[in-house]
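Required output: the full structure, derived from the provided sequences and hints.
1 is the number of the first residue of the sequence shown in UniProt numbering; add one for each residue after it.
One or more hints might be untrue.
Beta-carbon label-pair distances, calculated as ranges [said to hold, decoys possible]:
{"no.": "1", "residue 1": "D52", "residue 2": "S95", "range": "17 to 23 Å"}
{"no.": "2", "residue 1": "M96", "residue 2": "G18", "range": "26 to 32 Å"}
{"no.": "3", "residue 1": "R165", "residue 2": "A143", "range": "29 to 35 Å"}
{"no.": "4", "residue 1": "E167", "residue 2": "S71", "range": "39 to 45 Å"}
{"no.": "5", "residue 1": "G5", "residue 2": "I123", "range": "36 to 42 Å"}
Keep in mind that the hints were calculated from the coordinates and are not lab data.
Every residue gets a Cβ at the ideal spot worked out from N, C-alpha and C, and that includes glycine.
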Amino acid sequence: MKRFGLFLILFLLFVLEGTIFARFLPVGNAYQVQIVPAFVFVAILLMAFFGDYAIRYAVLFGFLIDLVYTSTLGVYAFCMGLTVYLIHALSKWLSMNVATTLLLVAAGVCLLQTGVYVIYLMIGQTDQTLLSFFKFRLPGTVAVNVAFALIIYYPFRRFLLYVNRPEEH
1 MKRFGLFLIL
11 FLLFVLEGTI
21 FARFLPVGNA
31 YQVQIVPAFV
41 FVAILLMAFF
51 GDYAIRYAVL
61 FGFLIDLVYT
71 STLGVYAFCM
81 GLTVYLIHAL
91 SKWLSMNVAT
101 TLLLVAAGVC
111 LLQTGVYVIY
121 LMIGQTDQTL
131 LSFFKFRLPG
141 TVAVNVAFAL
151 IIYYPFRRFL
161 LYVNRPEEH
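See below:
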C-alpha cells in the first residue's frame with residue numbers, strides 16, 4: 001500500500017507539471033526563456049538517493065511523458081532511465097546532504113535536458129541551436145527544478161524513508 005502512495009504522488013506530479021504549472025510559465029515573453037518543469041524526474045532522483053525502484057519509475061514515467069507530451073516514443077524513457085542510473089551511481093561516491101542532493105539534481109536535470117535535446121536534434125525534431133538551448137532553455141529549467149527539489153526535499157525524504165522502512169508484524 002505504501003508503494004501505491006508513492007506511485008500516486010509521482011502521477012500527481014506528472015499531471016501538475018503538464019497542466020497547472022503550464023499556467024505559470026512565461027509564454028511569449030521578450031526574453032525567449034523556456035522553462036521545462038521536470039517535477040516527476042526530480043522526485044525520481046530523490047527516490048534514487050533515498051529509496052528503491054527509481055530506474056523502473058524513471059522508465060515508466062519517461063514512457064508516459066513520451067506518450068502524452070511528445071510525438072516520439074522512447075526518448076524521455078531512455079534519457080530518464082540513463083540519467084537516474086548515472087546520477088545514482090555518482091551519489092554512491094558522495095556524502096549525501098541537502099547541498100549535495102541539490103547539486104546532483106541540477107546535474108541530473110542538465111543531463112536529462114541535454115540528452116533529450118541531442119536526440120531530438122539528431123532525428124530532426126528540433127531546430128533550436130545549441131547556443132539558444134544553453135542560453136534560453138537550460139538555466140531557467142535547472143533553476144525551477146532545483147527550487148522544486150529544495151521545497152520537497154525534507155517531506156519527500158521522510159516519506160521515502162517511511163515507504164522503505166520494513167514492516168513490523
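Against the structure, the hints:
no.	hint	verdict
1	D52 to S95: 17 to 23 Å	holds (20 Å)
2	M96 to G18: 26 to 32 Å	holds (30 Å)
3	R165 to A143: 29 to 35 Å	holds (33 Å)
4	E167 to S71: 39 to 45 Å	holds (43 Å)
5	G5 to I123: 36 to 42 Å	holds (37 Å)
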